[in-house]
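Chemist: On the provided structure of chain H, position chain S as indicated by the hints.
The lines below spell out each chain.
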Amino acid sequence: MGANQDGTNLLEVRGLTKIFGALTACDHIDLDIARGEIHALLGENGAGKSTLVKMLFGSLEPNSGEIFWNGQAVRITSPGVAKKLGIGMVFQHFSLFEALTAAENIALSLDDGSPIGSIAAKARALSYSYGLPLDPESMVGDLSVGERQRIEIIRCLLQTPQLIILDEPTSVLTPQEADKLFETLERLRSEGKSILYISHRLEEVKRICDRATVLRHGKVVGHCNPREETAASLARMMVGNEVQAVVRAPAEGIETAQPLLEIRGLTRKPATPFSIPLRNISLNVRAGEVIGIAGVAGNGQGEFFESVSGEVLQQDAASVRIRGKDAGGLTITGRRLLGAAFVPEERLGHGAAPRMKLSENLLLSRHATDGKAFVGTGGMVKSGAIYAASQRIIAAMDVRKSAPDPEAAALSGGNLQKFIVGRELDRRPSVMVVNQPTWGVDAGAAARIRQTLIELSRSGSAVLVISQDLDELFEISDAIAVMHNGELSKPMPIAEATFEKVGLLMGGAEPGHAEHTLETA
Amino acid sequence: MMRLELVKRPQRSALFSALSPFIAFALTIIAGAIMFALLGVNPLTAFRIYFIEPISQVWQLHELAIKAAPLILIAVGLSVCYKANIWNIGAEGQFILGGIFGSSIPVLFPQFEGPLVLPLMLLLGMVGGAAYAAIPALLKTRFGTNEILTSLMLVYVAQLFLDWLVRGPWRDPQGHGFPQTIQFGDSAVLPELMPDAGRANWGFAFALIAAVLIWILMSRMLKGFEVRVLGSSPRAGRFAGFGLNRMVFFAFLLSGALAGLAGISEVSGAIGQLQPVISPGYGFTAIIVAFLGRLNPLGIVAAGLVLALTYLGGEAVQSALGISDKVARVFQGMLLFFVLGCDTLIHYRIRLIGLALTKPDGAAKLDAAPKLKEAR
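Protein sequences appear in the order of chains H and S.
The working numbering puts the last residue of the first sequence at 1223; the count rises by one with no breaks.
The working numbering puts the last residue of the second sequence at 710; the count rises by one with no breaks.
The following block holds chain S by itself, in its conformation from the complex:
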């Protein structure tokens, strides 16, 4: 009998570390081709419709930017968390709470207009996301709970809370009973960047600015150094005098604020009102974006555009070929799978072991246990 074992490589190949996202993307394409073939569609046609046609005209590039903006904003925040070895999986919930907090001004005070409205909404959105992210941070530092579970479960709380709001207290009285708030007034709508060319709004600019700022933070500033030290060797971080609890709050509040900003930008810019569902899973897809971008803010911009394309492509194949738009989720899942797989194989190699001879000693097995954090 044979079995597989992962053995840690003494050295990582720098070349393959850099190539890994591209290899993962290529493998995704191959697996996708097999999937399309099994669905009875010519893979080449499907790929043209999925990946090329959605970005062949300028207005379509604007649509791409609209989809990419929240992904990038959330993912750069998450990259700080993950670099610090803190696992915020609840960005989707923080996104929703940001949307709700920011929308409170146009919904509750529709008469309030002027240039102050929008900055205030954006600020409230960030506060909402950060406040919601503070809950798992508090639970982790105070009671030692696992932040993966708490932040994830809070997503469902946020989703149901939004659903209740738009069906109950915040429903538009003139909305014929539809579960949605009033349309925001003009001063509460995030302006478009280039109204003549397409719909892309300032949310995309926020995303790019955030990516650059976080890149400076992580690579040039003492705070970023603190994040990296505590994430890679917590004991050395403690020796340096950096507090782990403070870092948990910093990472959660920062990523929550960015997710909240993404939420209010999406509601105010792309939707224009609150609805029962304001996100096609941006908060979860952003996790893929963060890893595909190798937790580097600039890589995340590129990865965000790629993942945004999977959303657009999903819609395109649905209308053109009649394939379910769930295919977008399949592509995203495969991409994450292959990225993590490639990263694991950069750190470890596979060894085939015959069981007949001897028992392996336990130490080797422990050492070989792959950890998610190694995927960085």
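Chain H with its partners taken away, still in its complex shape:
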């Protein structure tokens, strides 16, 4: 492959188009990637980044357009073809078998029949030489998300690709782990390899990328050098207009306010061999404040949410208290009736039933709390009332949709999330627990959701936000606690919190560390 070193780019894409039914996901995309550059692909969720990358990796076939590899037109009909050309990909969602070792997982994807011992040795050598230490004999189920990502990267590197595609690689990493990854990427660039780096985190793009291609609504809206841009100017290109900054008024009188949500010594055994136990979690959320829970995905946040929401009951009724009443033995309906509201991480299939209309999805979480308004005598649903209420929420949250009362699955992620958050806000809950409020939501909608959460707290409610997005937590929280391996650190007042301190806790530094900081402050 080294033969063709004249001025041609490693990869050139011309007019690549992909149409799904009525939606043009990618519309005449042009993209050049030179040898030895880190090229950012920027865009909001739904801008067409994933579709474009899937076409480059052979998972999707384009409707029209051309791809040139080393100056030659190629058809990438399958991931196998892509690998042969020298394109490797690290997916955002890993495809690893948890019950196998790292080396076994790598062997499965290499598929060339070489003995497991030699694969393990090669993987170990490669991982240390790139500063991504990895024990090939370890069970994937025992590894952290960051370590799992290393397996994916090593697996990709073992195939000696010329172009490596990374899809939102830092979304599962602590800031310190991300730094490590950036070093590795710079090392790869110095070896002449090219990297296509997909992200919506502007700061890191500015930090490591040489060039950027920005997508919006399936079209390329610009190529630029991210180092010469500001985060604000990049955001403008991505979103198409100015995103309103979230305003957080100082929380007043919090010290004396009543705790509305109290969690005391919450402990939960792992439900499956691969889920995280909760270890003695205690936390108070007072009226008028927003508490953020940071943490790398898979450290018990999902288990914690289920326990607080009442989808899973507690043995000790006093381990969860809502508005001063023991709620540990109450179901989610009982906890809602005490004034709590919940927004889960998964929108489709958890927070909403995909094949049901929005008005029916309104009933999903409010059939008991608004029993009188929505359900008549004999259990008859008042369809007029739920329709009117859902239209009210749609208007209040500016939910964009194609039909008056569409199925939940027909909405984009951001719009559905606005509806789901709005559905709970509409009740004026006194306790609101939200898991990943803006995961996969475009910047405009995310800002709106964040603002409404702050406003809810300032009107006297207790708001608990679990998020992997540190920027988000720093934007909206009055205090940040960190969850690591089923344990929760003491909340750190936002004035004292820094990315570094939170990052250390996310990486597993002693929870006592936070207490320390508080005392010295």
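Honestly, the hints are just simulated from the structure, not real lab data.
Within a straight-line C-alpha distance of at most 25 Å, the following computed DSS-like cross-link-like pairs (lysine-lysine) qualify:
no. : chain 1 : residue 1 : chain 2 : residue 2
1   : H       : Lys-1074  : S       : Lys-557
2   : H       : Lys-1059  : S       : Lys-557
3   : S       : Lys-342   : H       : Lys-756
4   : H       : Lys-1059  : H       : Lys-1074
5   : H       : Lys-1059  : S       : Lys-342
6   : H       : Lys-1084  : S       : Lys-557
7   : H       : Lys-921   : H       : Lys-1103
8   : H       : Lys-824   : H       : Lys-786
For clarity, every value in this text was computed on a predicted model and none was experimentally measured.
Modeler: The following block gives chain S in isolation, referenced to the frame of chain H:
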């Protein structure tokens, strides 16, 4: 080498979803014509005898209603189960137990007469069916057993239990040794709707009432919403605060009670005593009825009438053409096959794949695995 793969369609066609039962019926007719031709019978003649003649006179329509009543009653109950993604395959057994429970009054207390007898029998029939359906529900919620297997196996238990009863303790002492109970007294017989016109009894009215009530339940009531949420997205159902175990019992008890009501209505109305066999497979045919009716109670009424006709037609071709009445089973089987086939093709399209090029990635295959529940 080529192979077939099912690929999920991004959108379902609403038109073909509605047309699917009719397409399935047309395909059944075509396949049936081929079958009759192979049997050496002119298909047109056979179809006239099978589908037209059994319903050409008013008394025959009454016979149709008699056959359709249990099918509709059972199928509307099953539709609630299947909407909740709970698979009760044992309605045949619940039908039999309903018949046995309800018959206990006229058989054990033949002197007890009056207007109370019949309501009590019907109630006992429902209790019997529901109680028998509670067994697989209990096993599923308590031990996580597969309700398809347990409910199906309990059918054979019920059949043998009935057989033992009518040959043993409940046999008519004056019955010349025939395996059957005494004939029910007048007050234990379900009256006919229009005695002058034909034999159809109140069982058909029960079926229509049940269909309307279940339709209201499913489309207008919170309980029906609960059924649909838990069936389509159980995690969202849990988030809503609906209990899956409670739903398993609700669905089994409701469908069991309706199957039991169908059983006692059949015994009390159409037969008039207990016999070793009281059902030509109504409980199983009702599964076809439920799917042919698209799990919609009103569609099930229409589907029940169609399937009832296959029973009558089977008897007709047997007497007129000397073809085995097993042909009815063949028609029912083909109908279910084509209905499920059409539904699958509404959700998926077939792709031919050459194996020479590459291995497909596993994700696509997993996604394409057709599930029975998708057939809704």
